[in-house]
Amino acid sequence: MTDVTEQLLKDTQEHVDEEKRRVEKMGNRPWQPWIDAEWGFRNHWYPALISRDMPEGSHKAVQLLGEDILVTRQNGSVRAIEDRCPHRGIRFSSRPLFYTKETITCWYHTWTFDLDDGSLRTILSSPDSKVIGKCGVKTYPLVETKGVIFIFVGDIDPPPLEYDLAPGFLDEDAVVYCSDPYDIASNWRLGCENGYDPGHQFIHNWSEMCINAGMHTSYGYTSSKKEVLDTTRYTEEECGPKGFTRKVEKTTFNHTAEIPLKDGSVQQLMLPLARGKSDEELSALTDIIRLGTVGLWMPCSLKVTTFPVPHCTHYEFYVPKNNKEHTYFQFGVIHTQDSEEAERWLGEDGRVMWEVPAVKGFTVDDAFARAEMQKFYESEDGWLRERLFQPDVELTMWRKFASKHARGIQTEDHVKGYFSR
Amino acid sequence: MTDVTEQLLKDTQEHVDEEKRRVEKMGNRPWQPWIDAEWGFRNHWYPALISRDMPEGSHKAVQLLGEDILVTRQNGSVRAIEDRCPHRGIRFSSRPLFYTKETITCWYHTWTFDLDDGSLRTILSSPDSKVIGKCGVKTYPLVETKGVIFIFVGDIDPPPLEYDLAPGFLDEDAVVYCSDPYDIASNWRLGCENGYDPGHQFIHNWSEMCINAGMHTSYGYTSSKKEVLDTTRYTEEECGPKGFTRKVEKTTFNHTAEIPLKDGSVQQLMLPLARGKSDEELSALTDIIRLGTVGLWMPCSLKVTTFPVPHCTHYEFYVPKNNKEHTYFQFGVIHTQDSEEAERWLGEDGRVMWEVPAVKGFTVDDAFARAEMQKFYESEDGWLRERLFQPDVELTMWRKFASKHARGIQTEDHVKGYFSR
Amino acid sequence: MTDVTEQLLKDTQEHVDEEKRRVEKMGNRPWQPWIDAEWGFRNHWYPALISRDMPEGSHKAVQLLGEDILVTRQNGSVRAIEDRCPHRGIRFSSRPLFYTKETITCWYHTWTFDLDDGSLRTILSSPDSKVIGKCGVKTYPLVETKGVIFIFVGDIDPPPLEYDLAPGFLDEDAVVYCSDPYDIASNWRLGCENGYDPGHQFIHNWSEMCINAGMHTSYGYTSSKKEVLDTTRYTEEECGPKGFTRKVEKTTFNHTAEIPLKDGSVQQLMLPLARGKSDEELSALTDIIRLGTVGLWMPCSLKVTTFPVPHCTHYEFYVPKNNKEHTYFQFGVIHTQDSEEAERWLGEDGRVMWEVPAVKGFTVDDAFARAEMQKFYESEDGWLRERLFQPDVELTMWRKFASKHARGIQTEDHVKGYFSR
Ligand code: FES
Ligand code: FES
Ligand code: FES
Ligand SMILES: [Fe+2]
Ligand SMILES: [Fe+2]
Ligand SMILES: [Fe+2]
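Chains as they are written, first to last, in numbering that gives the first Met the number 0: chain A, 0 to 420; chain B, 0 to 420; chain C, 0 to 420.
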């Protein structure tokens, strides 16, 4: 290289180095545990399966926080055990053998485990082996309720399930319509952040539900600092769920915007579905949103009230499957003591009033947005290089909140089984 | 995080660290060379191709221990050379040019190599180049016999082929029926271990051969320590094959088993095909197995006598293709001086008496089992984390034996060509 | 292992280590910048798109030197900006929003950027945000000419486009026929080297153009050292394109060759299409090649005159897409003042006289050859382990020349955006 080009190269390198130093210095963010929690928060409850997908005698292999788990229903009750034989690592789930309702037998060398505590109860070919009783697989605490199977991933005595659920879900009169969960190629944290993010509302201008309803949504919700403080309520009693909630009433929905042009003029913009409508008509269309609240709850869920219809509450979970995917669980909940109304909700009503509009017509756009963020956050040091702006304070509030209330952080060592899962 | 959760995290981490230290301490196992031999044992003979797949003038690219090799038959004789031009790395096999029976010419810049010693004999475009005679590719010692092409991968003067083959295969009166080799997504060592593993017999309850024969197989073969010692014979004369053999006669085949239940009762189990048969009938069905022997032989093969019919010996090889796959070679062998019987064996008889039952109906289940073990051994430190039990002593005998008799260990450096292959 | 095998292992390892030391010592080659330039040369112009693929209002995502770039045409003029929102990394191109001709709006949170300088002009939902004006994306200098969109990737003030183009391309009377670019799974440097490499001509014996023309090509072009010096002309004035050119007139085309055999005899070879032709006929067929010149030009292009017909000049570019792929751009150029001839060239004539023979019938074989070299250069330390011979001096001349004239080297840090692209 010529002297000139060498100098150029050197100069460039200096800038690169400087930038890297700048970023590294910022490395220890106030929400560092959130940045570290690539594989999820350990010692929490997560939805794992829908009850209707687990009839008597069935089994399913699932992955939670990178851990392979086998779930089965025997004699009516559901159990979850590590899907990995301690002997030589075989996955039980590839040929599961339930010779009794109490046990699972490994299809390779007949080690037979207790479904309740995971202990090695016997070996069919070697009933006198000394290893019997001294060995086992991890079993996972499990609660089945409201048509959902929840699993606790961790090492500690599990706190009550309700500590890890947004309020209302477990109410006696809550009637829960479960949609089919699906996997998204995006880290679970991007799920939490997208769901609550007030600015992301703009993407719902592409949502079928809004378009079909003639609803103009917005260019993004905005709130002043004062409004955020006024309308956000923290829930962090020691014995109970942890989360926070924004009342939407004070949020501003912008349906107009403008772009200043070089010639000094301004390009006025208006959302297509807002055009030609009076202010009253526009308010009427968004009033239902104003009634509602949106909340984030530990470890990874969102609760939206009065959505998509006034009497329905929407719950969704971004369950860490591994470090690159999450499983998206969504539930439409009403509260009623009327058993006929409950039955109707679990049938046609839930489908028509919640599942089709909310799941098929609205949150699919969120799923798209989360997957689109993955490259930057996964391969381009996004957690360190993002450039946040004022409205993102509602996200950093969550990051700090979650960092504070997390009961632990899942690591790759846990995934590999270094700590017996 | 709160103080409580920080304490929890710290405690968990300590357990993880402790477990890692425990495993690392055990790192240096008595069979460490076996653990290191991910890419195979260097300086050994391996079956590479079946003769019938190599007619005059043909060529095939194969991979052995991660090395790319081109095999061709010219003037009747088969040669094997490094499939990588020293000039700029081109694979000859993507457009092989045999302008003479003695040479191969690289299709990129016409470097022309001697098929016998690999030396650069000429360059078509530059016959006066100084590099001619000073450069070459590796050639691989090769023996073609019994319809099989064996290749020696290593650096030393190859010992006789028979040192790396189970006895009998090369006998003058051995008639060898070769099935089509295929690749399995599993490390080669899992092949060796699965094949000999007495406990693995349980998986053959899923084998078509057993089911169609009404044979009840077992919950796994078992032997006392005394029986193992009594029936295992080592072969390790300096000049000859290295291996060991178990006579099956003293092995116990369990066709019943039981699982103790929580209420103190016991669930009795019996293999479906054993039900309703008298002891005599059951013995009759397994007597043929008792006649036999099973042996493991350096570097990576299994020999089973009287299988699947009394006069047939089954040989199989788990040839390291690379560190994640092996190529499965299987041979059905009879001994006869009668040329008509030999001919029948190589035609219909071998197919009906050996290939269909043994290859299509039995060892496919072994192939499945090996691939199922791969995740644990490859990604979850299985070689350090497995939890062996008493019957596995027959495997650790092999691990130590192989560690002792291996002539070398293949490394990734060899694969990349750092030592001219 | 026995003592013997341990000794063997040790000896082998010593050879491996020795070879590695040898290679490492050679690590710092005279053309080290070339070896380091896996991702391309920074601070240069590259063809990025063909104008006809970019009608008014359209947009395309391209990758250059690993950088994701969005190109759009607005109000007739083409702009190129970083395809990555500084806010949270979203790719604009997955849902590009051009609400004005001057701007692009991110579909996630409405950050709106100036297409000219990349600055954040406004945020639709937060027009008062403090981040406006303090943030932006990289914009790429761009020149559209001769039906091609060229983009400058780097940090410095871009020198004139003509400094990075082989002479003639931008001439006023140059008429440029553009074929469709395509991606090749090969590092861009292998493109440069293959294109100029005199020995590679042998591969064109497989080219349809040669076979259909009855042209016998050669076993590889050869030249003595004196002929190389005599016929190579360097162009390296500070203000202008950098490159060098070989006149083909003194090149020898070998259409016969021989292979010495072990028995002392010699196998004579002659290219099939040369057989039965007189010397005059053979000369006539290759005379057109002798008229021509072949040149390599910074940063990554080849210029061939009188190819495939006397009045046509062939230009091609191996544009680094990322470190494992390049995009292959090819152009057939004539010089004429006659507007009717120009029009004919851009229509039928260019297709029949240049595109079908050269692009479809000839350079596809180069594309094949480059992809075939990739494994060795990418995974087997090819840049250090290749074994060059005398004719390759024409390649090392280029490697040194390019190392000298490169304005910078692209690094993975640039790709990740550590230096704002
Ligand atoms: S791997 Fe499960 S019993 Fe052996
Ligand atoms: S790569 Fe084989 S001769 Fe050049
Ligand atoms: S990611 Fe582009 S505006 Fe937020
Ligand atoms: Fe949303
Ligand atoms: Fe088997
Ligand atoms: Fe070429």
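Hints are computed from structural coordinates only; laboratory data are not their basis.
There may be inaccurate statements among the hints.
Same chains, same label: a pair holds when it works inside one copy or across any pair of copies.
[As the list claims (entries may be wrong)] Heads up, simulated DSS-like pairs for lysine-lysine below, C-alpha to C-alpha not over 30 Å straight-line:
(1) Lys374 with Lys129
(2) Lys19 with Lys403
(3) Lys225 with Lys145
(4) Lys374 with Lys323
(5) Lys323 with Lys133
(6) Lys261 with Lys100
(7) Lys145 with Lys276
(8) Lys224 with Lys323
(9) Lys100 with Lys9
(10) Lys415 with Lys323
(11) Lys276 with Lys19
(12) Lys224 with Lys249
(13) Lys323 with Lys59
(14) Lys323 with Lys129
Hint-by-hint comparison with the structure:
no.: 1; hint: Lys374 with Lys129; verdict: between (50 Å within a copy, 27 Å between copies)
no.: 2; hint: Lys19 with Lys403; verdict: both (28 Å within a copy, 28 Å between copies)
no.: 3; hint: Lys225 with Lys145; verdict: neither (38 Å within a copy, 57 Å between copies)
no.: 4; hint: Lys374 with Lys323; verdict: both (10 Å within a copy, 18 Å between copies)
no.: 5; hint: Lys323 with Lys133; verdict: neither (35 Å within a copy, 32 Å between copies)
no.: 6; hint: Lys261 with Lys100; verdict: between (75 Å within a copy, 11 Å between copies)
no.: 7; hint: Lys145 with Lys276; verdict: neither (42 Å within a copy, 49 Å between copies)
no.: 8; hint: Lys224 with Lys323; verdict: neither (34 Å within a copy, 48 Å between copies)
no.: 9; hint: Lys100 with Lys9; verdict: neither (70 Å within a copy, 38 Å between copies)
no.: 10; hint: Lys415 with Lys323; verdict: both (16 Å within a copy, 19 Å between copies)
no.: 11; hint: Lys276 with Lys19; verdict: neither (51 Å within a copy, 66 Å between copies)
no.: 12; hint: Lys224 with Lys249; verdict: within (11 Å within a copy, 79 Å between copies)
no.: 13; hint: Lys323 with Lys59; verdict: both (21 Å within a copy, 27 Å between copies)
no.: 14; hint: Lys323 with Lys129; verdict: neither (41 Å within a copy, 33 Å between copies)
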